[in-house]
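All chains, full assembly: derive it from the sequences and hints.
Here is how the chains run, residue by residue.
2 protein chains.
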Amino acid sequence: MDIKKYLKDKRELVDTFLTPYFDSLASPSVLKSAMSYSILAGGKRVRPILALASYEACGGTAEDIVPFASALELIHTYSLIHDDLPAMDNDDLRRGKPTSHKVFGEGMAVLAGDALLTEAFYLLSLQSLARVSVGRPALIRLIRDVAMAAGAYGMVGGQAEDILCENKTANGEDLAFIHAHKTGALITASVRMGGILANAGRKEFRALTRYGENIGLAFQIIDDILDVSGNTSELGKSTGSDERKKKLTFPAVYGIGPAARKAEGLVHEGIGALEDFSEKADPLKQIALYILRRRN
Amino acid sequence: MDIKKYLKDKRELVDTFLTPYFDSLASPSVLKSAMSYSILAGGKRVRPILALASYEACGGTAEDIVPFASALELIHTYSLIHDDLPAMDNDDLRRGKPTSHKVFGEGMAVLAGDALLTEAFYLLSLQSLARVSVGRPALIRLIRDVAMAAGAYGMVGGQAEDILCENKTANGEDLAFIHAHKTGALITASVRMGGILANAGRKEFRALTRYGENIGLAFQIIDDILDVSGNTSELGKSTGSDERKKKLTFPAVYGIGPAARKAEGLVHEGIGALEDFSEKADPLKQIALYILRRRN
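Residue numbers (the numbering used here), protein chains in the order written: chain F, -17 to 278; chain C, -17 to 278.
Keep in mind that the hints were calculated from the coordinates and are not lab data. Glycine residues also receive a C-beta, built at the ideal position from the N, C-alpha and C atoms.
Some but not every residue of chain C turned toward chain F, in silico, with C-beta under 8 Å: (1) 7; (2) 8; (3) 17; (4) 67; (5) 88; (6) 92; (7) 101; (8) 103; (9) 108; (10) 121; (11) 122; (12) 129; (13) 145; (14) 146.
Structure (structure tokens):
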């Protein structure tokens, strides 16, 4: 299969939903502009695509659950806006464009993030937008799973630990916690979303979770390696910022070579978790390999 | 009825849920401390109490829905933490204590707010904590209603407009928009929560909404009047801050006397909306009157 074409098609599917949705948002114009600015800045849509691919792996049709999958991008984007704030990572560039607070001011950037997070849960609670009827038990379970992954037990918890560990001496345990929570939790929830919406069986669901946990960590390791060895124009954000901020990262703790080998091992572990799936899980497997090779 | 006792009893009901819930939160300790610090700072619990009273007005037992009602306090508290940030209202004092960013730093305050908002949706999706079995359709509807009220169409939208209107010439239309959204939307959703969870009929539900809209606006007007005429130790926050920041408020636009009369009219309008309810709606009516008389 042509994974690049697959990713492009699915990204377009997500963007075809997000663009009119944010164009028609009825809210004060500057807030709406700030929300749209970051959401429509051309992200890779990794998390929605993982949800769509996982839904396909369980026998579903990707087109049917685009609004739910897109909600993950709202959560991811809000986290980037808040992370970029001067009080947090203080970044000026994101996805090749000035960060939200640089364009709209800090107060509006905080609010744009808040609004996107809230809008994500609004989207998840809207059954009418999806092309299939999703059972309410699945929807409630989905909301709970996403909230758990995004909040204090997941992404925000990881981000808090990340801040606390800046300037701290390298420590593999802290590092594992930060990565598993800051990035891993929402990526795992994205993969699990496909399983929840397709009513996957217990065993399938466990396999998807294992796949998600492994590639989530691999994704973050590659991100950190790219921050050291990538270049700003390819990445669309400033490189070397982890080192400047003395962030705890895999390359910093173990070196680039061992970190890359660790990522490779995780990706193969993730692919292995899907061994009982049909060829419908091929996109998930290819995405895992793509994560290893990505340059941005 | 003794409304002071009623408010105290209901506040204790909410606090009896919130205190152990936040004590047992499994998240990095500083984040957990920051979340607990603001949640357990002794708020009046107005929004949860409105939800409980509204549930009672529809024939329910308040004790049965405390976790759902408490989720409203998480949303309200997150909004206070973010509003107090230097990039927003830059307040040092809240509920008589230093604001979150003063104690934990700006980055952690942003994250504590993010985590509380997310946790609110987690709580709303947990059927197991409530003492009655709440139908999933009602739960989905509740999540959608709260998200709508808290996000870009509601509270965050009002907050964004509030920032944009600072230093602007007085304008009644902007003022009405800000108040209806910044404070009114979540207060209305709180009242509606009781109706949704009790499966209120259409007419009852409309009446609760009208009650909520009226007392929500009255609540904000009194808040603004107290900011001019109250005192810091009673209020637990700095007074005169609206004027310093040239905020658009009712007393600023119309004067204190007309603003107070407006609030009185709204409260009576709100009480009038409940005329078809039994005596079980007495607490809601008394709360409306209490809002007029409150000193903090």
